[in-house]
Amino acid sequence: MPELPEVETVRRGLEPVMLDRRIERIEVRRFDLRGRIPKNFADDIAGQKVSRLLRRGKYILAEMENGEGFGLHLGMSGRIKIQPDGTVAESPKQTTHDHVVFTMADKTKIIFNDPRRFGMLFRVGKKWDSEKPFSAMGPEPLGNSFNGPVLEKKLLKKNAPIKTVLLDQNVVAGVGNIYACEALFLAGIHPTKKSSAVRGKKIEALVRAIQKVLNLAIEAGGSTLRDHRKTDGSEGYFQHNFSVYDREGRTCPGCTCDLAKTGGIRRITQAGRSTFYCPRKQK
DNA sequence: CTCCTGTCCTGCCGGC
DNA sequence: TGCCGGCAGGACAGGA
Numbered sequence: 001m002p003e004l005p006e007v008e009t010v011r012r013g014l015e016p017v018m019l020d021r022r023i024e025r026i027e028v029r030r031f032d033l034r035g036r037i038p039k040n041f042a043d044d045i046a047g048q049k050v051s052r053l054l055r056r057g058k059y060i061l062a063e064m065e066n067g068e069g070f071g072l073h074l075g076m077s078g079r080i081k082i083q084p085d086g087t088v089a090e091s092p093k094q095t096t097h098d099h100v101v102f103t104m105a106d107k108t109k110i111i112f113n114d115p116r117r118f119g120m121l122f123r124v125g126k127k128w129d130s131e132k133p134f135s136a137m138g139p140e141p142l143g144n145s146f147n148g149p150v151l152e153k154k155l156l157k158k159n160a161p162i163k164t165v166l167l168d169q170n171v172v173a174g175v176g177n178i179y180a181c182e183a184l185f186l187a188g189i190h191p192t193k194k195s196s197a198v199r200g201k202k203i204e205a206l207v208r209a210i211q212k213v214l215n216l217a218i219e220a221g222g223s224t225l226r227d228h229r230k231t232d233g234s235e236g237y238f239q240h241n242f243s244v245y246d247r248e249g250r251t252c253p254g255c256t257c258d259l260a261k262t263g264g265i266r267r268i269t270q271a272g273r274s275t276f277y278c279p280r281k282q283k
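Here the first sequence stands for residues 1 to 283, numbered as in the numbering used here.
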């Protein structure tokens, strides 16, 4: 589920309850998420104040007052639930996959829930930027270091289809299956086009398309297909603004095709993932 | 090295 | 209604 906009939505939801607040206690109920939560995780982190709350790609990073901290990845189905002290109890079904519970000094509970357990929770050092997943990670698409020339350099090195390459976090951070499809549609680029064959103005268009779709999705609170929720439990609504994703056989925005003739938006499989595109507008 | 496939895990949806 | 196969927003190992 969570791509950059969903993760950013969650990060923003965490700010008011976690930033500059002390974590009193951490209860890890299940350690066997992806990569396993380190045994000492709770002891290492609890008792400290959160001094910064960042996002890098699809990861949320919490930096503690001693400069170290932790990383959180929501995987496919991860959610963060925030419960003020005294919240009414949830049903067993809602709490079954509550794997980690952070209790803040003011007794607010921050719960990491993840049915599929593809999520990750791990420690990072002061120089997390030069550690494992982050050191090789591509630029932040909404930051200053993402532009045509930077993207072009990366795309030139690849022979895989452009859609597949956009999913590579070392090319650009935070883009996943939904927003790769949407950005390619906006830029008018066919998803099977070879990465290295996307050149010049198309690259500029792709940069703008990625930025546009991510910004719009953040404003909408992300896309809720099944799992994504804001930290208050409400849904994002960008899924209502999809141009092609999950719209096989339907028309794209502003479409003038005869659906009966064209069959509308197509769905193909690339590198094991569904790709949606408009064969008329994407070349 | 690059690229693709399979795998991790659970839940849900559609078809029969 | 009930069961079963297929599919899902991600990341990564391993094989070609």
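Hints may contain errors.
In the DSBU-like style, the derived pairs of lysine-lysine whose C-alpha atoms are separated by at most 35 Å in a straight line are [unchecked claim]:
id	residue 1	residue 2
1	Lys109	Lys93
2	Lys201	Lys49
3	Lys158	Lys201
These aren't lab readings, by the way, just hints derived from the structure by calculation.
Now for the hints, and whether the structure bears them out:
no.	hint	verdict
1	Lys109 x Lys93	holds, 18 Å
2	Lys201 x Lys49	violated, 47 Å
3	Lys158 x Lys201	holds, 18 Å
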